[in-house]
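Position 313 of the sequence shown, counted from 1, bears residue number 304 in the numbering used here, the numbering being contiguous throughout.
These are computed hints drawn from the structure, not numbers from a lab. Honestly, I wouldn't trust all of these hints.
Stated by the list, open to error - With a straight-line Cα cutoff of 20 Å, these simulated SDA-like cross-link-like pairs (lysine to any residue) come out: (1) Lys377 / Leu32; (2) Lys377 / Arg102; (3) Lys283 / Leu273; (4) Lys(-5) / Ile301; (5) Lys(-5) / Arg9; (6) Lys361 / Ala0.
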Amino acid sequence: MWSKARELAQMAPPERNRWVDFLRAISILAVVFGHWLMAGLYVDDAGALQRADLLTTQPWTQWLTWAFQVMPVFFLVGGYSNGVSWDATLRKAAPDQVGVYRDWFASRVQRLIVPTFPVLLLWAALAVVMTQVGLDRTQIRDATEAALIPVWFLAVYLVVTACTPLTYRAWKRFGWLSCAIYIPLAMAVDWLTFAAGVEYLNFTNFLWVFLAIHQLGFAWREGRFEKQWFALAWFVIGLAVLISITVYGFYPVSMVSAPGGFSNSLPPTLALFALGVAQSGLVLALEPLGRKMLDNLNIWTATVLMNGMIMTVYLWHLTAFVLVMTIVWLAFGGAGLNSVPGSGDWWLSRPLWLGIYILALLPMIAIFAKHERSFGPIRGGRTVPKVRVVLGVLMICAGLAATAAITIASPESLSGIRLWVVALPFVGAALMGFGPIYRPSNKGA
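Make a model of the complete structure from these sequences and hints.
Below you can see the structure in the form of structure tokens.
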């Protein structure tokens, strides 16, 4: 894998912005290690397995979420990448070509959803088997829910990506205003949610907050952050706002769900937007140093290697965690789980446990990373009608959102799973014309 990555690294064109790839890779690693640190199981004095949360047992660790909650960086990078891809598509398209957006968007969906299918199928099968052999349904739900947490991001990212032609056009016409317009929208949603008690409206902040950060990716691509002082100013302003509305204000310090307060991330709040501004300013201020660092072939090769299996690592890292915890509990009676998360012994044992999680993840990478490169022709070479693409992506997003929100495990059904939740992404992909593999058609409708 390293030799193949090195070959690809050497083939990268000199004009490629390697900092984009590095940020994508390092952000994934931050999410992975953040999840592995915060989720904790331990055996109490009575010998019972208990579930604990590092953010609860050690409240000071909530400050660490300012570094580990890096979803805004994903959307910053996504804005840059989608801007490059969409602009290139427009330049290459024939004036009379039909279905340019449809094919472009289908290719973006495919890169995200194809690697997701194996993990959904595996956990659906496991939930059915565990239910039929009589395991406790609460435990089945907990395991399934924990393993499939990452899929919520994909649903939101697909919706934001679908808006790229409109948001890119808005950026070209209105510039910074196309980003600023989302700030009062996010503020209004928070006020209506927390002051007026309007329910469910806060879920629209998944759009307003992440679309705003996505717009910053367009600005980055066009060189608006070339001056380091300008990027640093964004960092300082974002951090100042974040501190003022958390430490001295209404919002919790934790940027992920934590006991004792509402979530700043599910759905996003103005605090997460402020964090996104600060993170964007910081990583863009570091870009000149980062690009020099990536001139080193070994570092660039490691970045290429990570990007080649990035979805696999993201989607399977919590499955690896659940697998390790299950084996340790069932086969070894909970050996090594005697320390309460956050205690001194617990921190000292983290390097060992993180190493075990990595070892458990490696076979999953070896087996499933190939699905990130499973691209091929649409069935029969046909261009899929636009209405099917729209319905397909809506079903995919609905299925992924439901998987994260209510899990695929069902406490009532005989099968043990919510079959409709599992089926939605697959039916949606079929509507979009995905066979085992998919390549956009260049033919008009």
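Consistency of the hints with the structure:
1. Lys377 / Leu32: Measuring from Cα to Cα gives roughly 47 Å; hence the hint is violated.
2. Lys377 / Arg102: 19 Å, holds
3. Lys283 / Leu273: Roughly 16 Å between the alpha carbons, so the hint for Lys283 and Leu273 holds.
4. Lys(-5) / Ile301: Holds. Lys(-5) to Ile301 sits at ~16 Å (cutoff 20 Å).
5. Lys(-5) / Arg9: Holds, because 18 Å separates the two Cα atoms, which is no more than 20 Å.
6. Lys361 / Ala0: 18 Å, holds
Taken one by one, the earlier hints fail for this structure only at number 1.
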